[in-house]
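Listed here are the chains, written in short residue letters.
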Amino acid sequence: MPSLSLSLGLSAILFVIGVAGVIVRRNAIVLFMCVELMLNAVNLAFVALSPYAGVQGQVFVFFVIAVAAGEAAIGLAIIISIFRHRESVDVKNFSLLRW
Amino acid sequence: MLTQILFVIFAIIAIVCALMVITRKNPVASAMWLVGSFFSLAAIYTLLGAFFIGIVQILVYAGAIMVLFLFVIMLLNLGNDFEPDLRGAVWKVVAAGSALVMLALLARTLSSGATPAGSAGGPGGLARLTAEHGAVGVVGIPMFLHFGLPLQITGIFLLVAVVGAVVLAKRQV
Chain X
0 MPSLSLSLGL SAILFVIGVA GVIVRRNAIV LFMCVELMLN AVNLAFVALS
50 PYAGVQGQVF VFFVIAVAAG EAAIGLAIII SIFRHRESVD VKNFSLLRW
Chain C
0 MLTQILFVIF AIIAIVCALM VITRKNPVAS AMWLVGSFFS LAAIYTLLGA
50 FFIGIVQILV YAGAIMVLFL FVIMLLNLGN DFEPDLRGAV WKVVAAGSAL
100 VMLALLARTL SSGATPAGSA GGPGGLARLT AEHGAVGVVG IPMFLHFGLP
150 LQITGIFLLV AVVGAVVLAK RQV
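From first to last, the protein sequence lines stand for chains X and C. The first sequence finishes on residue 98 if you use numbering that gives the first Met the number 0, and the numbering steps up by one all the way, no holes. The second sequence finishes on residue 172 if you use numbering that gives the first Met the number 0, and the numbering steps up by one all the way, no holes.
Because the hints were derived from the structure by calculation, they are not lab data. Honestly, I wouldn't trust all of these hints.
Claimed, not checked - Facing chain X, according to a computed beta carbon distance under 7 Å, are these residues of chain C, among others:
#, residue
1, A10
2, A17
3, L75
All values derive from a computational prediction rather than experimental measurement. Glycine is no exception: its CB is placed at the ideal position from the N, C-alpha and C atoms.
Same shape as in the complex, but just chain X (with noise of 0.2 Å):
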């Protein structure tokens, strides 16, 4: 059983990464990924940590990969519809909202 810090570690790690990557690209299927890999290293921590805290963390995990399912499916189909009216998924095109 590896040790619980490399475990954690290793979650830290990828979140920030994950982390740069959405501050860093500017293409939204990237962005999207880069969330996934955010979810991914939470559920890491939750499974390191469930031998010591109960198995409800996995539990959880397996609502996180539910709900990451969902954000998927949603987010695409946001990125279509966009891409239908500005012909790009660069976010620098999308400022409506913005200042």
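The hints should help you fit chain C onto chain X, whose structure is shown.
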């Protein structure tokens, strides 16, 4: 000892794949690297004793969600225009700074030597539970006994997501 070595190998694979996801210009390449990251995370879940979650990770993430991503990328025909979409240097500094802050917080938490509170008894307890109820029962029994309402809400959420995705992606509602 063997699980430790395997864990480190899969952790390195996951980190390298995640870095490739955020640095590739081509979204299809990003998606393929993300699949590698998901598979190595599934292996890590299995090493941590969460067998059911590992299988669900492969089925739902590496299977369903990634197929959805690739389907949308190819539907929108994004696989062959490589216009760079990285933000400028200021944003890269912001990203690196936030990454450093979060890693510093992690190092502070880990170095304080706090042990996780809980009464589940560590890895041996989880292995005993798995031997007693099976890999699915470990997750399924608490889910249906104590998380009935969240389970039903998740079902309704998935229904709403399916209907919403159809409504959003349709040309004429």
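Checked hints:
Interface hint status for C/A10: upheld, as the beta-carbon distance to the closest one in chain X is roughly 5 Å, under 7 Å. The restraint placing C/A17 at the interface with chain X holds, with a minimum CB-CB distance near 4 Å, inside the 7 Å limit. Given hint, C/L75 at the interface with chain X, holds; its Cβ is 5 Å from that chain's nearest Cβ, closer than 7 Å.
Of the numbered hints listed earlier, not one is contradicted by the structure.
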